[in-house]
Structures are given as C-alpha cells and as structure tokens.
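Chains as they are written, first to last, in numbering that gives the first Met the number 0: chain Z, 0 to 204; chain L, 0 to 252; chain Y, 0 to 394.
Simulated from the structure, these hints should not be mistaken for lab results.
Any given hint might turn out to be false.
Stated by the list, open to error - Listed next, the in silico SDA-like pairs over lysine to any residue satisfying Cα-Cα at most 20 Å (straight line): (1) Lys141/Y - Gln158/L; (2) Lys115/Y - Lys61/Y; (3) Lys234/Y - Glu71/L; (4) Lys141/Y - Gly180/L; (5) Lys61/Y - Lys90/Y.
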Amino acid sequence: MIGIIDYGLGNLASVRNAFEHLGHEARLYAKPGEAVVCDRLVLPGVGSFHAGMLALEARGWAEALPDLVAENRPLLGICLGMQLLFDIGEENGPSRGLGLIPGMVVRLAPAEPHKVPHVGWNALPQMQRHPLLDGIRPHVDFYFVHSYHCIPASQDDAIAFCDFGGPFVAAAARGNIAGMQFHPEKSQPAGMRILENFVAWDGRC
Amino acid sequence: MLKKRVIPVLLLRDGRMVKGVEFQNYRDTGNPRTAVRIYSAQDADELVFLDIQATLESRSALVEIVREASTECFMPLAAGGGIKTIEDVRELLSAGADKVVVTTAAVTTPRLVTEIAERYGAQCVVAGIDFRTSAKGTKVWIRCGTEPTDIDPVAHAKQLVALGAGELFLNAIHRDGRMQGYELDMATRVASSVPVPVIVSGGAGHFMHLAELLRDTPASAAACASLFHFGDNNPIRARSYLRNLGIPMRVLK
Amino acid sequence: MSGTTYLRRCAQCLLPETYETIEYDEAGVCNVCRSSAYKRQGIDWDERKRLLDQLIEKHRGKADYDCIVPFSGGKDSTFQLYFLVREYKLKPLVVRFNHGFMRQGIQENNQRTFKKLGVDVLEFTPNWHVVKRLMLESFTRKTDFCWHCHTGIYSYPLRVALMYKVPLIFWGEPQAEITNYYDYLNDEIEYEDDKKFNMLRTLGITAEDMYGMVNTPENPIDRRDLIPYTFPDVKELRALRYCSVPLGSFIPWDYTKNTEIIKRELGWQTDELEGVPDEVNQHGEKIECFMQGTRDYIKFLKRGYSRVAQINAFHVRAGRMTPEEATRLNEQFDGRKPPSLEVFLEYVGLTEEEFKKIVGPMVIPPHVPDFENIRMAEKTWDFDQWYREDNRQKP
C-alpha cells in the first residue's frame, strides 16, 4: 500500500490518482498511526515551508516520520514535500524542517532574465545513476512550479540537476528517502515512469 | 533550460465550451469533458479553464469539470472566472486545480491576491489582466470585458506582483478571437516590467503568431483558444513547429 | 509550383516545414526519415514477431472470431487481412466502415479478396444526410471534411469488438510511417486506443463536441446520429481486455512489398489516383476514396505539398528515388486542382469563393497559397460513376 501523507497542503488527489492510474493502490493518511500498514510513503505539498512544517507538526507527522522511515520504508517528497525533508527552510525567516536529508532550502535566485517562480517544463540534463531515475532521458521535461530550491549538504545526495539560470538540485536521495522538486504526477509520460520506479524501489541506491 | 509553454484555454458557458470574438458572439466549441481528454492525449503543456458566466451554477459546473479533469488527466490545471473569496479558491484547489486565475477580484478586492499567496503560495495565484486599446488609450477592463477602469495595465501588473501574484495572465480583449496575432507591444512591456512569468492571451490564429510572441517578447507562455478550435492545429504540431524555429519547447520522450 | 520554394524542406525526403509534426535535425534531415532509418536498423523485428506469435496464440479460438480486422480495401488493409488469414490461418471478422466515397475498383478488389480468402464481412454505411452536415462542419472548423471518416473508421470496429466480444483487433500501418506523433525510436507498440483516437483521429472534435456544434434550433440533429463516430466506453473495452494494435508494430511495414504480395496472391489491382501520375503511385496509395483528390488539394493550399510529394517522400526514404528525381516530379505534378472538388462543393453546398474564404485563414505559415495560378488534374476513368448531389443554392 502506498501511503500519501495528508497534512492539509497540496494536491493530494492528483498524486493518488496517478498511482491508481498505474494500477497501484494508494490511500491518503491524515494520521501517522494508520500509515504503518504502508510499505512506502509519499509526501506531496504545495505552499510555504513554514506552513508545511506547522501542518506536519500539528498532525504528528513531524514526530512520526523519522520512525516510519527508519523501518526502511521508501519515502518520496514531491515539490514542497521534497523541501520539507531538509534541515532548514529560509522562507519567511528560517524554520526547521524534518531534517531527514542534511541541507537547506533557499529562494531561487537565477541569473537575469529568468523569472521566479520557476514555472513550466524543464529537464534533468545531469543525473546520477539511481533506481528512481531509471529509464529517464536527460532531455525529457518535467513540470516545475516553485520559488525555492534545495541545497543538500552532501553532494552525494543530489541525484539530478536542472538548469534554470544556473544548476539547482531537482532530485535528491539519501538511503530510502528521496525528493523531487518537479511534479511527476503532472509530467506525463516520464513522470509516470518515475512513479513506477518509486513503486519498485527497495529503498537502496 | 526552461521551455516556453503553449496553453489551451477552455471557456465555459452553460456546461459547454465556447469561443467568441472580443468576448461576444460565442460559438459552441464542444464538451469540456471530452476536450480535456483530447488535450490530455495531446499532452498539452497546461490547461486553463475560465468560467465566463460567474454564477453559482456555473461555478459548480467549473468545479465538477476540474474535478473530473484531475481524475483522468495528469497535467497542470488552472481555473478561474468569478473567483471572489478564499473559499472559492479552496474549492477549486481541492477539486484538483493547481492554480487559480483571479481577474476582476484582483481589481475590486486586491487583498484576495495576497490572501491566496499567503495561504497557498504565490505559484498558486495567477492574476489576470484583461485590457483593451481604444481611442482613450490602453486600460484594464473587468467583469469579463464589460466594465472599463482607469487602470494602466503595466502599473496594474506591477501592483499585482507586489500583492503576491506568482504569474500573470495578460489578455488583449480587442484581439480576442480575431486570429490576427497577439498584442506584442503590451506583452513586451508587461513581461519586461515584472519578475514573474507572464502568460499572454488574445489573438493567436496560426503558429507563426505563437512564434512571434515566444521568440520576440519576454512572454513565458502563449495561451490560445481559437487557434485550436478554428484551425487545423493541435498542441503537438505547435511544439514541433516552434522547435523548428529555434524556440525551446517541451520534450516528452 | 508557385509559392513553395521558400519552404524549408528535409534534406532527404523533401517534406516541408508545414508538414504536421515534422522537425529537422542539425543535418537538416527530418524526424520521420530518422525514425524510418531506425525502423530498419534499430528495431528487433524478430522479437516483435515473437510477440505477435504470442499475442495471436493467446487469442486464437477463444471467441467467435480470432480477431477483428478493420478494412477499407486499400493496399494496407488488404495486406493485413491476407497476412493474418494466410500466414496465421486466423478466422477474422472483417469490418468495414463505408465513408460514402468508395470507388468501383475497390469494390471489385474487395469482392475478389473476400472470396479468395474466405472471410466473414460486416459493413456499415452511416446516414448520408448526417454525413453531409458533418462534412461541412468539420471543413468549416478544420478545413478537413473527413471527420466522419476518421472517427468512424477508428471507432466502429471497436464497437463491433464489444458487440461480438472479440478482444483482438488488428490494424495495418503504424502512424510512425507517416508522422512523428509516434516515433520508431521510442521502440513501442502503437496501441490504437482511446488515447490515440483523441490525439489524432478526432481532429480535436469528439462526437459529443460535434453534437453540440451541429445541433441547432434551425437544424436539429438526433443525438443518436453521432453514435457511429463515438469511441466506445473505455471501461467496457478494458473489461473485454481489448488489444487494438497495428500489424506494422510487429512486422516491418513495406508498402511496395505489401502491394506486390496482394497483387500476386489476390489479384489486387491498383487504380488511377486523381492528381497523381501512375508512375509515382504504382503501389496503389489512397485509391479507395474518390474524395482523395480534394483532400490532397486542400492540403496543398494549406501546406504547400500534396500527395505526389508525400508518395515521393516514401520512395526517397526507401532508396527507390533520389531527392533530385523527387523534386522534378513534385514540381511537375504536385498540387493539381482536382475535378472532385466540384463534387465536394456540391455535396456541402459551397461556392468556390466560399471554399477559398474558409481555407485562406487556415493556411500554415510561412506557406502562401496561390489560389489562382493552378493547373488541373485529369479526371480518373471512373469520375462519371461517382455519386452527384448538388446542394448549392440555385440563383
């Protein structure tokens, strides 16, 4: 069972529908306690870092997630969900994230004439070998819509870069925890391949 | 590198899609539900649904169409038309829209733009600017092109960004449906004045119009309706055509 | 051939930039040519054949028919039927959607084919009154009057599959042969499913759309009249576990070879094609429909190339013709105004002025058509047999 974390932010239905479309059962979980039946989890999200953490804390996810992933459950963060995996986010002043991947989240500051938010289709020209990126070609575009980006403390955790007035980390992974800055559920057909890769992923690199 | 976008716009009235000229004389252009399937099969970059009636019934219909679209199609969706409150926004986002388009309310209750940006993030709010060029000059119009204001579109654009809008949807009413090309001058002026992406709408009749906009102005995206309804065109052909002219467009495989 | 020399063209097959989905690489060669080269060099056709064997054995004998074969009688569908019956000894149900413009030569070919192969055949002819209205509406919106044909041909056989509970449907040529909606380089089976139907068969207009467009208070239409053009319920198709695929995804499609085989084995005969010299069309492309010349002419006005150029593109890609020869033939023969145009205008009740007013705004830039300086194509031998109906206003 794929568990989609429902903390009140983000387009959860799209993510669930995407997995169901691929033939995999996925359910929304508002409470961490029930999510123990899941063999993998997805943390979606749209909105601000600060609001995201408040919501995760309010529903007990901030406390429960480290345990849930320590049991080797693969976790995939999407967009804001990816950003929340890190230590610190600087939106509206620094706030603490889940700290599952060392690093921070800062505002995009691309060279002129690039505009923020980064909205639209962009590719992953630099990728490391990783099960989640299996079959993904470097010129294929994914849908991005964000104003902040992640800077992993360790270069090894960055598995894909995107170019937007300079490179930024588009996908990160550390052990069984991964994040994608783009929306695979909105990026047919390559995005569907990523979701398939996630379903097949055993949590190892 | 970030690609340019071609965005089909679906105007909704009485449960059907329609298209007119300068916001009048609407013709039926099909069933929005099946149109979504077609645009999805053609992997359109994004879709924008606009409810041009803005009544309670039409809002329910819009929400339903968005909900159905997001169940079957996995692509970015924006929805708007008559949005007045944060609850309207919540309803559309819950139904599956990724962004909302706020046009009239951005003038009558600008605070709403900030509220949406604070609650859901700037990338969720697309502020619409409908404008018309006439003897009196170029001004913003509201309520689906029926009510003039004294507002300058460029100033309005800057103000909307200051309020928190993540994107702008700039629409030239006098070009709408004429299929004679976009209002490139205003597109350049607005897109050069703001640090957010600008989607330009109104006037696309063939692919060269898209090229003029995307290659020769700083616009981020070309929105079109008549181009696809009244022409032997589709988003896949548009991407190929534009790529041949050196414009970076989305690659699927 | 005025007004087309400024169009950018593929360095190899010469198709112009106005051709749908065409893209040129750094060498100036188009994606259809590249795809075609990959088809010959990169696809594991042995593996594909094995897949075909497995697919067929999975379905053989399980239903009242082993498969459905959508059929027009042209070279492709005749070959695909021949191949499945003779090579695989299948029992197909042949399904034909009659668009209303069948030529005598095709009818004779079909009779011969059906009797030699021994097959059950179902044919459906939709309501001509409805067809006329659909032709006018789709021509007005898209400058393509064949909406009823595209949607009928690609949905009717699937309805029959549901009716007879036959899940396997075999089409013929893959789209990758012609355009880049599908590319051999993606190494995929081209399912002829709802996605493909919506992507490129409907012209962006489904039956539901069309109903709202043609049903007016002055001229109402019965909703049921649009049923023949409606793609069946995908849930029902999935429950049937339908598999709708082109044979050309399993065996390398070769028009010339296919035609030689059906000529030899079935006595299939090619025919004149309006606007195309016989020497160019020896493999009998597009000879099923007597409106083809008008279709091709509209394409020439909009895009600056027509049937002669398209056929020659195949010849060049297959190494049967040089680009120089193709250029010479295209300049001499491509884009002639067909006698069938008059037939079409009569059906839909348009004058030539009205025709030009509709086509004009839909031209694909940078092409600029020359409506005036146009050469006429010859009438085909069967022109006088074609059904005539003049619906234009009498002065």
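Please list, smallest to largest, the hint numbers that this structure does not respect. As far as the earlier hints go, 1 and 2 are violated by this structure, in ascending order.
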